[in-house]
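K.L.:
Once you have looked at the hints, place chain F on chain L.
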Amino acid sequence: MKKIRTMLMGLAATGALAGSALAESHGGELPMSVKARQSTMTLYAFNLGTLGAMAQEKIPYDAEAASAAAANLAALTSMNQGPMWAPGTSTEDLEGTRALPEIWTDMEGVIENAVALNEAAAAMEAAAGEGPDSLKAAMGPLGSACGDCHKAYREPD
Amino acid sequence: MRWIIRLAVLAVIVVAAGLWLTRPQSDAPDVLAGLTPDPVHGETVFAAAGCASCHMAPEAEDDAKLVLAGGQSFPSPFGTFKAPNISTDPEAGIGDWAAIDLWNALHHGTSPEGQHYYPVLPYGAYIHMEPQDVVDLHAYMQTLPADPTPSQAHEVAFPYNLRAGVGAWKMLFHDEEWVMDGDLSPELVRGRMLVEGMGHCAECHTPRNALGGLETGAAWLSGAPNPAGRGSFPDLTPPEMSWSEDELVEYFTSGFTPEFDTAGGHMALVVENLATLPEDDRAAIAAYIKALPISE
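The listed protein sequences derive, respectively, from chains L and F.
Reading the first sequence from the start, the letters are residues 1 to 157 in the UniProt record's numbering.
Reading the second sequence from the start, the letters are residues 1 to 296 in the UniProt record's numbering.
Same shape as in the complex, but just chain L:
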């Protein structure tokens, strides 16, 4: 996982530069960087929805569909998101985001959470196809990983 950490940190730094330029270029509308990260959250939720519905027994367990959703999630959480979190796009700068300024003052903590999410998603990818109990067991850590970031870095609704 050290590799992922290094990659995330390095790209967060370069992305920050590119992103801040982009942020300037849209008047009124949300910057592309913000739209991109919000879309990523939607993609997380969409794939979690498949896994969660099976974990909560709202839809029948389907190993193939579960594995596909988990693979998507693992891919999404491995993606470099640096440019999506451009400086100047916090709640202090823009309407329409709930990203707190702490994200940019505590990048170390954010990356720790990002690595934890990636690990929880990888564990889900391994577990999802192995049966409903295995999927259910992997769901908790995944939820905690989401919650840890939302706890510290997202404005209340």
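Certain hints may be false.
Claimed, not checked - Result set (DSSO-like, lysine-lysine): computed pairs, CA atoms no more than 30 Å apart in a straight line: (1) F:K290 x L:K136; (2) L:K136 x L:K58; (3) F:K65 x F:K82; (4) L:K136 x F:K82; (5) F:K290 x L:K58.
Everything labelled a hint here was simulated from the structure, so no lab data went into it.
Remember, it's a predicted structure, so these values are computed and weren't measured experimentally.
P.N.:
Chain F in isolation, oriented as in the chain L frame:
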């Protein structure tokens, strides 16, 4: 000249009468007489009341949440309040408190020294706790670790630094009335204790008037701005709160919303507490929320 003296005497009498009327209230220990402490139930009260979420050290996780060293900041329009140390350290914390001291703090908002606590300690909600709950909570808290970190002073400016004013606030807003009233099922009665009492949900989810009192009428639990100035807390009344009881219970258990977002901010801490309660309690909270009337 005589009228000035008369006026001064009158002013002194009015102030003295006001201070006397709004003096800190407390009960004698006999209010808790004959109750046997049950620390196991006390742990449930502790979780339901969310004690650790405010009194743990900033950003504490897992077992460290049980070290009630204090130090978290709570900004508000009246100033920034600092959660005190309530660990079992007899000097820095409250290890030397008897159960009656905890009762007076939670029920009356009065310290063992006979001083008003600020209502940032949600005694407006905790007033609903039963004597047995407080005795059990006290017994459980006695089992938690001691921590020597000194409590920090609140950063509250004039006139709010005058604690006597809290007495007037209590007179206006501090009473044992329930908001949800009438003929309630046992589940709703339990839900009401958890929502209006221990869980103190309204502290965030109900709007306040200019004096910081909760609006207990039609605006009850209809959402409110964050007193810390960032964002707002959601409306729990219909039609805005559209989740089913099952979906609410799932949220209180795993933190997942029906759309597979997760709880964040302070609510994430609340969910961590609720997840440790018996499932029936989570269901009772959900039942209470679904029984709320449409707000204005």
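K.L.:
For each hint, tell me whether it holds in the structure or not.
P.N.:
Against the structure, the hints come out as follows:
1. F:K290 x L:K136: holds (27 Å)
2. L:K136 x L:K58: holds (13 Å)
3. F:K65 x F:K82: The given pair, whose Cα atoms are some 17 Å apart, holds under the 30 Å limit.
4. L:K136 x F:K82: violated (39 Å)
5. F:K290 x L:K58: holds (21 Å)
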